[in-house]
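Mind docking chain W on chain D? Use the hints.
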Amino acid sequence: MDGSLRPALDVQRIRQDFPILSSKVHGKPLVFLDSGASAQKPRAVIDAMREMFETSYANVHRGAYQLSEASTAAYEAARAAVARFLNAGDAREVVFTSNSTAAINLVAHSFGRGVLKPGQAVVVSEMEHHANFVPWQMLAQDHGIELRIANVTDAGELDMADLEAKLADGKVGLVAITHMSNVLGTVTPAARIAALAHAHGAKVLFDGSQAAVHRRVDVRALDADFYVFTGHKLYGPTGIGVLWGRMELLDAMPPFMGGGDMISEVTREGFRAAPVPAKFEAGTPPIVEAVGLHAAIDYVTAIGMEAIEAHERALVDHAMAKLSTIEGLTVIGRAQDRGGVFSFALGNAHAHDLSTLLDRVGIAVRAGRHCAEPLHVRIGHDSTCRASFGMYTTHEEIDFLAEALTSARRFFS
Amino acid sequence: MFDDLRDLYQELILDHGRKPRNFRRLETPDLSARGDNPMCGDRIELFLGMDGDRIADAAFQGRGCAISTASASLMTETVRGKTAAEARDLAAHFREMAMTGTCPDCGAAMEDEMDRLQALSGVHEFPSRVKCATLAWHTLNTALDGGKEASSE
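Each protein sequence line maps, in turn, to chains D and W.
Be aware that the first sequence starts at 1, since it is given in the UniProt record's numbering, and climbs by one per residue.
Be aware that the second sequence starts at 1, since it is given in the UniProt record's numbering, and climbs by one per residue.
Chain D with its partners taken away, still in its complex shape (with noise of 0.2 Å):
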């Protein structure tokens, strides 16, 4: 294939375009190895929110004067950004969260506690964020829905075989998976979990938080029911988030939150919710972020997530080369789709002191269990180091951070 003849993409050229990739740590450049907990920002997407700031800002849905007009559109412009990059049929399925774990909460209170019926069961897996799993035992306990956590492999995939069988006696009412490991880095197959959960009458929700950054993601060609993502992921700022889900669905859903914006009348005796997405945005929406989401999606849109995924395949390759060859070094999981997150643990190290270590070199990775215990349980580590990449990550970031944990071994041994 050509691609590998050329770099998919001018990551020297992107890194230009982040302004905290040319600062220091400790006096060394900065390698930016955690952009699976949050990426850095590119001036597109400050520009675009300081910009709005000081020319463009009031509140949305409420004044008939000129800024608010504006402010509204920009807003609503957000959100048909937001559905043409999920490939999403209608941008009115698109509701504004405050990020991927108040769009799950979200579903978990009004699809979970307004549709599901007590006696229906979810099911999650094994490697699921906190964000995808809590939500779901705290339904278990509040509404007597069954919780169910289909298996993860030793080779760190979805065990479809286990899923299956925990849909089989039909009480499943919801799948709700990650599309792609913060752990693992492993990437599900997300076409074949809807097809599963719909042969079980099940809907499925997909976990899109790692996974948006890394893929072109097409709602209705992965045929999902309910996918939801976070804005600071994607390059965005922090305070936005997405929950996509089907009209009928959503439609069928009491609100979630009441307040402003949420309602159509509101009477002493009573309210009537207003359609969707409103009936699900109570309250002054993150107009800004909204805005600065939009910039973030224009701007891995004009590189092209094509790119972007080619470009971070090669990294994960590279990376798994580099990696195997440290004596002493275990990188966990080993799915044949995965993308740039890896967790590794190294020999006498702990994952505390060898990203002190790292730091002290300029390198930031995440140490401990990723908002993922249950996983870390499965996988029979207290804690691990995870080095994620994103668009701007290099080749020679990889062989710093391989030569560093070289060192490490050393330092500890």
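What the hints contain is simulated information worked out from the structure, not anything from laboratory work.
Values in this document were obtained by computation on a predicted structure and should not be read as measured data.
Some hints could be false.
Derived DSS-like pairs: lysine-lysine, alpha-carbon spacing no greater than 30 Å straight-line [claimed, not checked]:
1) K24/D - K131/W
2) K117/D - K171/D
3) K131/W - K82/W
4) K322/D - K24/D
5) K19/W - K82/W
6) K28/D - K131/W
Examples of chain W residues lying across from chain D (beta carbon under 7 Å, computed) [unchecked claim]:
7) M1
8) F2
9) L5
10) G41
11) R63
12) C65
13) A66
Yeah, the Cβ is synthetic: ideal placement off N, Cα and C, and Gly gets one too.
Coordinates of chain W only, in the frame set by chain D:
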């Protein structure tokens, strides 16, 4: 590559991190407590054998980073033979040292003990690691209070 981290990871710390002392379980402890740093995955279980008000034996089990393991190891050595009140004083002094690097109010009463614990004072330059060093001491206070669960979050 990491030479400037030798202040934090002194030989004494690396040694106690690799080969923690009193790393065992007391079968019939008079006091015990669990300590947990939920964000890190550090966990220790501390056991105290008391002779009246005096700590006759101190031991621990658990898993954690070099800093938390070494801190627990040094603590069990240091508090043995101390009264509960002396151990609490040491804990307060140690926490101050871990957070600020010094302990001007420590006085001369337990100078030898503080000298030995001084090896861990380097953590004050690493705010995210201070709780690794203090976990064992939080757990000690919890055990002396008769409690069961401590967290340094």
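Hints and how they fare:
1. For the suggested pair K24/D and K131/W, the alpha carbons sit about 26 Å apart, so the restraint of at most 30 Å is met.
2. Between K117/D and K171/D, the direct Cα distance comes to roughly 10 Å. Compliance with the 30 Å bound is thereby established for this hinted pair.
3. As the CA atoms of K131/W and K82/W are separated by approximately 24 Å, the hinted pair is consistent with the 30 Å bound.
4. For a cut-off of 30 Å, the pair hint linking K322/D to K24/D stands: about 25 Å separates their Cα positions.
5. With a C-alpha separation of about 23 Å, the suggested pairing of K19/W with K82/W holds against the 30 Å cut-off.
6. For the hint pairing K28/D with K131/W, the CA-to-CA distance comes to about 26 Å; that is within 30 Å, so the pair holds.
7. For the restraint placing M1/W at the interface with chain D, the shortest Cβ-Cβ distance is roughly 4 Å, inside the 7 Å limit, so the hint holds.
8. Because the closest C-beta pair between F2/W and chain D is about 5 Å apart, less than 7 Å, the hint holds.
9. For L5/W, the interface hint holds, the least distance from its beta-carbon to any beta-carbon of chain D being 6 Å, beneath 7 Å.
10. Below 7 Å, beta-carbon pairs count as interface contacts, and G41/W has one with chain D at about 3 Å; its hint therefore holds.
11. Among the interface hints, the one on R63/W holds; its C-beta lies about 5 Å from the nearest C-beta in chain D, closer than the 7 Å criterion.
12. Taking 7 Å as the C-beta contact cut-off toward chain D, the hint placing C65/W at the interface holds, the least distance being around 4 Å.
13. Given hint, A66/W at the interface with chain D, holds; its Cβ is 5 Å from that chain's nearest Cβ, closer than 7 Å.
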